[in-house]
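Participant: Fit the two chains together into the complex; they arrive one by one in their own frames, and the hints show the way.
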Amino acid sequence: MAVKAISDYKFPSKSREELYGGAMLVHMWWKNNPWFCAAACFPLPKTMTWGDFINGPVKEFFSEDPDWSDDTSFSYTLHGKELHPNPEDTLEGLGIWHKSVVAMTSA
Amino acid sequence: MTIAPKAPRKLSMKDRYSALTRDLDWDPTYVTAEEMYPFTSFEGIKIHDWSKWEDPFRLTVDAYTKYQAEKDKRLYAVLDGFAQSQGHLSLTDASYLNAMKLFIQGVSPLEYQAHRHFAYLARHLNGPGPRFASLCQSLDELRHLQTEVHTLSNYNKYYTGFHSYLHQHDRVWYLSVPKSFFDDAVSAGPFEFLIAIGFSFEYLLTNLLFVPFMSGASFNGDLPTMTFGFSAQSDESRHMTLGLEAIKFLLEQDEANVPIVQHWIDKWFWRGYRVTALIAQMLDYMLPRKVMSWKEAFELYFEQQMLNGLFQDLAFYGITPPKFVEQAMEEKEILSHQVYWTLYQFSHAASFTTSVPTDEHMEWLSANYPKFDEYFKPLWDKEKRNLAAGGRHFARGLPELCTVCQIPMLFTEPGDPTTICQRASEFEGEHFNFCSDGCKNIFDHEPEKYVQAWLPVHQIFQGNCGGATIPDVLAWYKMTPDDGGEYLGSLDNKNWLEWHDMAEKTGGN
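Residue numbers (the numbering used here), protein chains in the order written: chain A, 7 to 113; chain B, 92 to 600.
Chain B extracted, bound-state conformation (with noise of 0.2 Å):
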């Protein structure tokens, strides 16, 4: 008699999970840990036991790329089905465009930065559950990349503006605001990029930045990045529960990290704040059909969701609000006029469009924002005359910059929207200027770092940007007469209303 071997045990996703971090975890005998991992002490913080970080999720490469393939799957359905339908047509307006242009020019290339740098992390890393987690959230990256480029690629072939977004990520103005802060997180610690990518920006800023992108494009007819958007949500919940794992996992191991950590939020809120200006003037401006205003997401995700949720809980750790976050609160009522008005003066060398808002558009911007008819609303019916006399307000040089966020110096006094805030310090005899007292304080904090800054207005004067005028620049950034300037007249829209009157006259075939 024959018995038959029993099948083997199925391991339960909790075991296979445990086999794949900790049971593939050693420690080293040839060379010491300090050898091994040799970027996990220089910050400062203490770890005094690495088995203490807890997972989350506990994923495994066969349940991960499971559930990645069944959304790409629903993601390319969705692409293939708008691409043949001409489903660009059922967008809002053309103009809804400009703001998947930032997306692609800004925050795509961003999504390969996280991609790489997770991925040293992976490496980096001393405890085997931090790394696996880094390593997923790599992987997510670099596909939030794919599916960005594949999904924003069908309006490539129509729209102008999509052209060449990785080639001017690396050297357009209002570019190096993203760019700028990414390169920041990525040449400090491992410590500092996880509270500055996987907490500050992937939890704290998370929602107004990636929400309004997101539900912009479901207001407006852009199915496919709705799609990308639902698709990226799920990796997007586990980053957040990596981000708060992260920086709770640094204050329990020592009471010492807590003064680090509270610097790392001060500053990473700051930068990350800062860049949120561009989503600002998007959600208010750039979109036909709105979602929100920039008022009521950042009061419902910063300030109700972070301020009265996340930092009380912090508060056990010692840990407070981040500095400078009244001013932040202070500038919601004016900060996308200001950053709009500032765009709308400088598309003439940008790979998106502008145009003055419509009566209608202006009745919203009245309704949401009070300050609105008395600070900016003059200036547009100033613009409406100039352009009724032949003009259009385009800069005629270039504006002074921040040293920190990089954006031009178009922020104001806490408590008066009058006056431009002008923040300066000395280093080594040399003088830097800032658009804020948080800049200034990340500034003089490690002045080493930001004196390397690559500040566009000053390569551009050093001659390093093709040419000592803007259409030597334009041509170096890549970019076509047609891809930025005013919008009505411009090539979208002049296209935009020809398909549409065909669309019209041919009853929709």
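So here's chain A without its partners, still in its complex pose (with noise of 0.2 Å):
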């Protein structure tokens, strides 16, 4: 069903990738965790590394919860499916789009 409009109703998305800057958005959720009221959202490069971002934007933002641990594990998925990242392995590269959503959970 579309809008129904006085004229022609056609707008261009104002979240589209091509408005940040190169990088795109991903969505890390910790879903066992409600001590993060919602998945973090970050603006990344395609390019970037599961390690960098396991390592750099994810450890940041969640390392705020005090029982944080580094030792802890964590099982990943991706659109619903398991997600077996290897550190090497770029986001792009393990099918991570713009405004996807990558659940964690801690063992």
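In short, the hints are calculated from the structure, not lab data. If you're wondering where the values come from, they're calculated on a predicted model, not measured in any experiment. Don't take every hint at face value.
Within a straight-line C-alpha distance of at most 25 Å, the following computed PhoX-like cross-link-like pairs (lysine-lysine) qualify [claimed, not checked]:
{"hint": "1", "chain 1": "A", "residue 1": "10", "chain 2": "B", "residue 2": "473"}
{"hint": "2", "chain 1": "B", "residue 1": "475", "chain 2": "A", "residue 2": "65"}
{"hint": "3", "chain 1": "A", "residue 1": "37", "chain 2": "B", "residue 2": "475"}
{"hint": "4", "chain 1": "B", "residue 1": "386", "chain 2": "B", "residue 2": "468"}
{"hint": "5", "chain 1": "B", "residue 1": "569", "chain 2": "A", "residue 2": "20"}
{"hint": "6", "chain 1": "B", "residue 1": "531", "chain 2": "A", "residue 2": "87"}
{"hint": "7", "chain 1": "B", "residue 1": "414", "chain 2": "B", "residue 2": "531"}
{"hint": "8", "chain 1": "B", "residue 1": "423", "chain 2": "B", "residue 2": "468"}
{"hint": "9", "chain 1": "B", "residue 1": "540", "chain 2": "B", "residue 2": "381"}
{"hint": "10", "chain 1": "A", "residue 1": "16", "chain 2": "B", "residue 2": "531"}
{"hint": "11", "chain 1": "B", "residue 1": "339", "chain 2": "A", "residue 2": "37"}
{"hint": "12", "chain 1": "A", "residue 1": "10", "chain 2": "B", "residue 2": "137"}
{"hint": "13", "chain 1": "B", "residue 1": "540", "chain 2": "B", "residue 2": "414"}
{"hint": "14", "chain 1": "B", "residue 1": "540", "chain 2": "A", "residue 2": "20"}
{"hint": "15", "chain 1": "B", "residue 1": "381", "chain 2": "B", "residue 2": "475"}
{"hint": "16", "chain 1": "B", "residue 1": "423", "chain 2": "B", "residue 2": "462"}
{"hint": "17", "chain 1": "B", "residue 1": "475", "chain 2": "B", "residue 2": "462"}
{"hint": "18", "chain 1": "A", "residue 1": "37", "chain 2": "B", "residue 2": "473"}
{"hint": "19", "chain 1": "B", "residue 1": "585", "chain 2": "B", "residue 2": "475"}
{"hint": "20", "chain 1": "B", "residue 1": "339", "chain 2": "B", "residue 2": "105"}
{"hint": "21", "chain 1": "B", "residue 1": "414", "chain 2": "A", "residue 2": "10"}
{"hint": "22", "chain 1": "B", "residue 1": "462", "chain 2": "A", "residue 2": "37"}
{"hint": "23", "chain 1": "B", "residue 1": "531", "chain 2": "A", "residue 2": "37"}
{"hint": "24", "chain 1": "B", "residue 1": "105", "chain 2": "B", "residue 2": "143"}
{"hint": "25", "chain 1": "B", "residue 1": "248", "chain 2": "B", "residue 2": "164"}
{"hint": "26", "chain 1": "A", "residue 1": "16", "chain 2": "B", "residue 2": "540"}
{"hint": "27", "chain 1": "A", "residue 1": "10", "chain 2": "B", "residue 2": "105"}
{"hint": "28", "chain 1": "A", "residue 1": "87", "chain 2": "A", "residue 2": "65"}
{"hint": "29", "chain 1": "B", "residue 1": "137", "chain 2": "B", "residue 2": "101"}
{"hint": "30", "chain 1": "B", "residue 1": "462", "chain 2": "B", "residue 2": "473"}
{"hint": "31", "chain 1": "B", "residue 1": "386", "chain 2": "B", "residue 2": "423"}
{"hint": "32", "chain 1": "B", "residue 1": "381", "chain 2": "B", "residue 2": "468"}
{"hint": "33", "chain 1": "A", "residue 1": "37", "chain 2": "B", "residue 2": "468"}
{"hint": "34", "chain 1": "B", "residue 1": "381", "chain 2": "B", "residue 2": "423"}
{"hint": "35", "chain 1": "A", "residue 1": "20", "chain 2": "B", "residue 2": "531"}
{"hint": "36", "chain 1": "A", "residue 1": "37", "chain 2": "A", "residue 2": "65"}
{"hint": "37", "chain 1": "A", "residue 1": "10", "chain 2": "B", "residue 2": "540"}
{"hint": "38", "chain 1": "B", "residue 1": "473", "chain 2": "A", "residue 2": "65"}
Facilitator: Structure (structure tokens):
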């Protein structure tokens, strides 16, 4: 069903990827930790490696939890499917796209 | 002999009203009706006879201005007395004003939006009755904005967070929730606006939206806001009647209108309900002296009055309760806790303060919400330990937002308060995220509209909000370091303690 309007109704998305200067938005959701009210949103280059992602913005954001430990192991899902990333994989190579939600579950 | 001329017969109010509306209407001859009223056909609503619109109040301009002037006199007398007697010191606590900061930042600017758009309806609806009713409501809304600003300006002299509400309304992340709601309504057609604001906002949800603020004022020593509330109450009754008349008029004009109106009810119930998330946390967490719980308010003002009352009547027209209403009813147990927990961890970027509930407050929450002890008390207990160790839970980044309601994606799966609800849709190759089935449903009906959403987090990352760091963005918001964050130890808290300490030492003189 389309918008009912008095004339043609066609406008570009205000969140389209090209507006982020070469970056894309990636959401990281700590699924079994209610300390964080919502998933975090990060602007990241597609070529960023998984290792840099986890040890950079993800750790910075989630280590605010007083129970955070660097030794905690996580499993990951992307778009409802299990994800088994290697540290050198790029975000794009893992199938993460603009505004994807990656879920992490602590053991 | 001269015969004295008869005094002109005074018209009754009903006759004067008729002269003011019906007698000032005419059929166009130089242009077609479509050219004169170009916006009342594209939505697909069929109106066969505009004269069937019933005017429940039949106000005239002189009667309207007389009533409003009397109410204004009473309100401004209270405002003067309150200001001159340092009435702000008789509030329950300075933290109460967080509710009023939210009100002036989030709600008052909506009054102005309503004023403008009802003025538009007063020009563009074909019938003279609804045009005049819209004109009166437009004037009401402008007066509400003015009286709210004058009422709350008393507090701006002494407390933080009130100073840049209009500037902030257009920019700040949590204010994009009410702003986008109204932007959505005013950018729809005139009939959808009538259902969105006239019916859903002013009738279906009005008591949930406004009564908690005004009752909160009454219970917490805020005489000016309470008086403003009384002053606006008679207008709100008229607005409710207009909203009800609007929906019945549309439904009675043509059977083909029923599915269109039903879709708008579904959509605008959910849009409005999501805005009430801010009210829910205000009732349960921001008022030092409680009025009633959100759950009680929802049961009384929505379930009993609307579902068991209004929708029983609307069933006659083939209208059913809104889609996803069961989810809203289920959420009443958890909504306020989830929302306040969110505001708590992002209040360093807000124009209000937050704090951990006191032990007494937690007991009240436990007593009123059976699920509080299992799901939410452990979070506050952990935060207490965090505070004792020198921490304070402030998020170190920005959250994922729902594309439709623009609230951080904090809501949980139906039936599972531990798992955040994640929904998504693809449109023209782009991925969009939603907090609920209700918001996804709204997007899927009109994706072309919601792809334009001005999502605060996305705009910050696009570089449109003053800079890349939190201080840059707060400067762009015109927020000062004293406006937000933790209440205990804040400027408002320190001043409050100092003023009352001083009052005790001087015996109140």
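Participant: Determine for every hint whether it applies to the structure shown.
Facilitator: So, going through the hints one by one against the coordinates:
1. Annotation: proposed proximity of residue 10 of chain A to residue 473 of chain B is violated, straight-line Cα distance about 50 Å (limit 25 Å).
2. Taking the CA atoms of residue 475 of chain B and residue 65 of chain A, the gap is near 23 Å; set against the 25 Å cutoff, the hint holds.
3. Simply put, residue 37 of chain A and residue 475 of chain B have alpha-carbon atoms about 23 Å apart, close enough for the 25 Å limit, and the pair holds.
4. For the suggested pair residue 386 of chain B and residue 468 of chain B, the alpha carbons sit about 17 Å apart, so the restraint of at most 25 Å is met.
5. A threshold of 25 Å between alpha carbons decides the hint, and for residue 569 of chain B with residue 20 of chain A the separation of about 24 Å falls inside it, so the pair holds.
6. Annotation: proposed proximity of residue 531 of chain B to residue 87 of chain A holds, straight-line Cα distance about 21 Å (limit 25 Å).
7. Annotation: proposed proximity of residue 414 of chain B to residue 531 of chain B holds, straight-line Cα distance about 12 Å (limit 25 Å).
8. With a C-alpha separation of about 17 Å, the suggested pairing of residue 423 of chain B with residue 468 of chain B holds against the 25 Å cut-off.
9. With a C-alpha separation of about 39 Å, the suggested pairing of residue 540 of chain B with residue 381 of chain B is violated against the 25 Å cut-off.
10. Straight-line distance between C-alpha atoms of residue 16 of chain A and residue 531 of chain B comes to about 20 Å, which keeps the hinted pair within the 25 Å bound.
11. Proximity of residue 339 of chain B to residue 37 of chain A is assessed by CA-CA distance (about 46 Å); at most 25 Å being required, the pair is judged violated.
12. Pair hint residue 10 of chain A plus residue 137 of chain B holds up; C-alpha atoms about 15 Å apart against a cutoff of 25 Å.
13. For the hint linking residue 540 of chain B to residue 414 of chain B, the alpha-carbon distance of about 20 Å falls within 25 Å, and the restraint holds.
14. Proximity of residue 540 of chain B to residue 20 of chain A is assessed by CA-CA distance (about 11 Å); at most 25 Å being required, the pair is judged to hold.
15. Only pairs whose Cα atoms come within 25 Å are accepted, and residue 381 of chain B paired with residue 475 of chain B is accepted, the gap being roughly 23 Å.
16. Proposed proximity of residue 423 of chain B and residue 462 of chain B is supported: the alpha carbons are some 11 Å apart, at most 25 Å.
17. With a C-alpha separation of about 20 Å, the suggested pairing of residue 475 of chain B with residue 462 of chain B holds against the 25 Å cut-off.
18. Between residue 37 of chain A and residue 473 of chain B, the direct Cα distance comes to roughly 18 Å. Compliance with the 25 Å bound is thereby established for this hinted pair.
19. Among the hinted pairs, residue 585 of chain B with residue 475 of chain B is consistent with the structure: their alpha-carbon atoms are about 21 Å apart, no more than 25 Å.
20. With a CA separation close to 22 Å, the supplied pair residue 339 of chain B and residue 105 of chain B stays within the 25 Å bound.
21. Distance hint between residue 414 of chain B and residue 10 of chain A is fulfilled; the C-alpha atoms sit about 21 Å from each other, no more than 25 Å.
22. Under the criterion of a C-alpha separation no larger than 25 Å, the hint pairing residue 462 of chain B with residue 37 of chain A is consistent with the structure, at around 20 Å.
23. The suggested pairing of residue 531 of chain B with residue 37 of chain A holds, with an alpha-carbon distance near 21 Å, which does not exceed 25 Å.
24. Under the criterion of a C-alpha separation no larger than 25 Å, the hint pairing residue 105 of chain B with residue 143 of chain B is consistent with the structure, at around 16 Å.
25. For the proposed pair residue 248 of chain B and residue 164 of chain B, the alpha carbon gap of about 23 Å is at most 25 Å, so the pair holds.
26. A C-alpha spacing of about 9 Å is found between residue 16 of chain A and residue 540 of chain B, which places the hinted pair at or below 25 Å, so the restraint holds.
27. Only pairs whose Cα atoms come within 25 Å are accepted, and residue 10 of chain A paired with residue 105 of chain B is rejected, the gap being roughly 38 Å.
28. Between residue 87 of chain A and residue 65 of chain A the CA atoms are separated by roughly 23 Å; this keeps the pair inside 25 Å, and the hint holds.
29. Between the alpha carbons of residue 137 of chain B and residue 101 of chain B the distance comes to roughly 39 Å, so the proposed pair goes past 25 Å and is violated.
30. Simply put, residue 462 of chain B and residue 473 of chain B have alpha-carbon atoms about 17 Å apart, close enough for the 25 Å limit, and the pair holds.
31. As the CA atoms of residue 386 of chain B and residue 423 of chain B are separated by approximately 5 Å, the hinted pair is consistent with the 25 Å bound.
32. Restraint check for residue 381 of chain B and residue 468 of chain B: satisfied, since their Cα atoms lie roughly 19 Å apart, inside the 25 Å limit.
33. Simply put, residue 37 of chain A and residue 468 of chain B have alpha-carbon atoms about 19 Å apart, close enough for the 25 Å limit, and the pair holds.
34. Of the supplied pair hints, the one linking residue 381 of chain B and residue 423 of chain B holds, its CA atoms being roughly 17 Å apart against a limit of 25 Å.
35. The straight-line distance between the Cα atoms of residue 20 of chain A and residue 531 of chain B is roughly 18 Å, inside the 25 Å bound, and the hint therefore holds.
36. Between residue 37 of chain A and residue 65 of chain A the alpha-carbon distance is near 15 Å, which keeps this suggested pair within the 25 Å criterion.
37. Between residue 10 of chain A and residue 540 of chain B the CA atoms are separated by roughly 10 Å; this keeps the pair inside 25 Å, and the hint holds.
38. For the suggested pair residue 473 of chain B and residue 65 of chain A, the alpha carbons sit about 20 Å apart, so the restraint of at most 25 Å is met.
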